[in-house]
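Q: Sequence:
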Amino acid sequence: MINENINQQIRINARLFDASHKSIQELNDVVARVNAIDGDLHAVTATLHKAIILADQVAEITRACQLAKTGVTNSNLLDHEEIETILTEVNDLPYQNAVEAVEFSRPTVLSNGTTLLYILALPKVSNRRYELVRLYPTVSGGRQIVLEHHKFALNGEETYAVVGSCSSIGNITVCPEEDLIALEENSCIPRLLKGGHASCSYLRSNEEVVQLVEDGTLFLSNYNGSLATLERDYQLEGTYIVQFNNEVVAVRNQNFTAYSANHPMALPPVLTNITVAGCRPSLGYVDDVNTQNTQAMSGVSRGVTFSYVLEASLTLVVFLILFIIWRKLTSTEGIPTTRVITEDLESPKRTSTTAYHSVN
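Just add 98 to wherever you are in the sequence shown, counting from 1, and you've got our numbering.
Hints listed in this document are in silico derivations from the structure and should not be mistaken for laboratory results. Just so you know, not all the hints are guaranteed correct.
[What the hints assert, rightly or not] Computed list of lysine to aspartate or glutamate pairs in DMTMM-like fashion (alpha-carbon distance at most 25 Å, straight line):
| # | residue 1 | residue 2 |
| --- | --- | --- |
| 1 | 167 | 154 |
| 2 | 292 | 331 |
| 3 | 120 | 158 |
| 4 | 148 | 127 |
| 5 | 292 | 345 |
[What the hints assert, rightly or not] Cβ pair distances, simulated, as ranges:
| # | residue 1 | residue 2 | range |
| --- | --- | --- | --- |
| 6 | 332 | 180 | 50 to 58 Å |
| 7 | 261 | 170 | 54 to 62 Å |
| 8 | 274 | 164 | 23 to 31 Å |
| 9 | 322 | 415 | 21 to 29 Å |
| 10 | 338 | 170 | 37 to 45 Å |
| 11 | 179 | 339 | 14 to 22 Å |
| 12 | 348 | 238 | 57 to 65 Å |
| 13 | 275 | 231 | 32 to 40 Å |
| 14 | 122 | 264 | 52 to 60 Å |
| 15 | 392 | 348 | 29 to 37 Å |
Glycine is no exception: its CB is placed at the ideal position from the N, C-alpha and C atoms.
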């Protein structure tokens, strides 16, 4: 329900003014009686009781002013008849009883120096009814749909994104009009919720999503691991909505406890044809890609280093083999040595002996 006129204020001040005047009059009477006490015990007791009542009234007014600063209505200032009068005077208010009216009201206290004005504002709503839904994108194939908002109000003709806080009691939720953003019915979100052809932007992401939607409801996406309960463990892979109550669920070393038995209801799937209008990387995806590139470059660097070492080792082995062959070919070990002696026939003196190798 949409708040059409949040400035409509219903003033409940008649009895508050009377109570204030009576309190001041009682206080003056107490002062006069205290000054004129003649020692009569009954007069003192009666005066004391009136002073206590006066103190309670002043404390109640003070409490109402303090609660109004936090947006809480002090129901002690309003009786059942006053609230029923409000509901009777304004016919299009959707409240079924006085309790709902007080829950949705917004109190304000004004002062002009001598008078306190307690204003109780109730939102006036339209007759249109909307379904309040929450949407969470799943991670599939390394991408997910880009969602700027997660809470939406929709009916057959309109779709609104809820950007502020709404007041809820029972099955009724009231949202101020300034906290709603109208969406084009041909845009991505309305088509995803109502079916048809949707053109959506995607986000590159491989992140694992573990999100507590509300008490007793857990949203898992791109999840590959175990979910532990007191009774048994579950091995999950993919996207899941886990609902539990009065138990503890452990996911990735985190414990989630449910205290409520009421859970949101998952919408049935709708037939939608989705086309990709654009795709952009997320920070997590960029970090993953950088990490993978760094690891790949490290692997290439290690491979290149190993290749250099292997080539150097092979080159050294080849040189060693060639050197050994060359040494074998030029070695004199095992080759016989011949000696040639030449004599001077004309002189009986021998010349020097020269030894050399003969190679056959």
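Q: It remains to establish, for every hint, whether it holds in the given structure.
A: Verification of the supplied hints:
{"no.": "1", "hint": "167 with 154", "in the structure": "holds, 20 Å"}
{"no.": "2", "hint": "292 with 331", "in the structure": "violated, 36 Å"}
{"no.": "3", "hint": "120 with 158", "in the structure": "holds, 14 Å"}
{"no.": "4", "hint": "148 with 127", "in the structure": "holds, 9 Å"}
{"no.": "5", "hint": "292 with 345", "in the structure": "violated, 35 Å"}
{"no.": "6", "hint": "332 with 180: 50 to 58 Å", "in the structure": "holds, 55 Å"}
{"no.": "7", "hint": "261 with 170: 54 to 62 Å", "in the structure": "violated, 24 Å"}
{"no.": "8", "hint": "274 with 164: 23 to 31 Å", "in the structure": "holds, 24 Å"}
{"no.": "9", "hint": "322 with 415: 21 to 29 Å", "in the structure": "violated, 49 Å"}
{"no.": "10", "hint": "338 with 170: 37 to 45 Å", "in the structure": "holds, 39 Å"}
{"no.": "11", "hint": "179 with 339: 14 to 22 Å", "in the structure": "violated, 47 Å"}
{"no.": "12", "hint": "348 with 238: 57 to 65 Å", "in the structure": "violated, 25 Å"}
{"no.": "13", "hint": "275 with 231: 32 to 40 Å", "in the structure": "violated, 19 Å"}
{"no.": "14", "hint": "122 with 264: 52 to 60 Å", "in the structure": "violated, 41 Å"}
{"no.": "15", "hint": "392 with 348: 29 to 37 Å", "in the structure": "holds, 33 Å"}
Hint check: violations occur at hints 2, 5, 7, 9, 11, 12, 13, 14; the rest are consistent with the structure.
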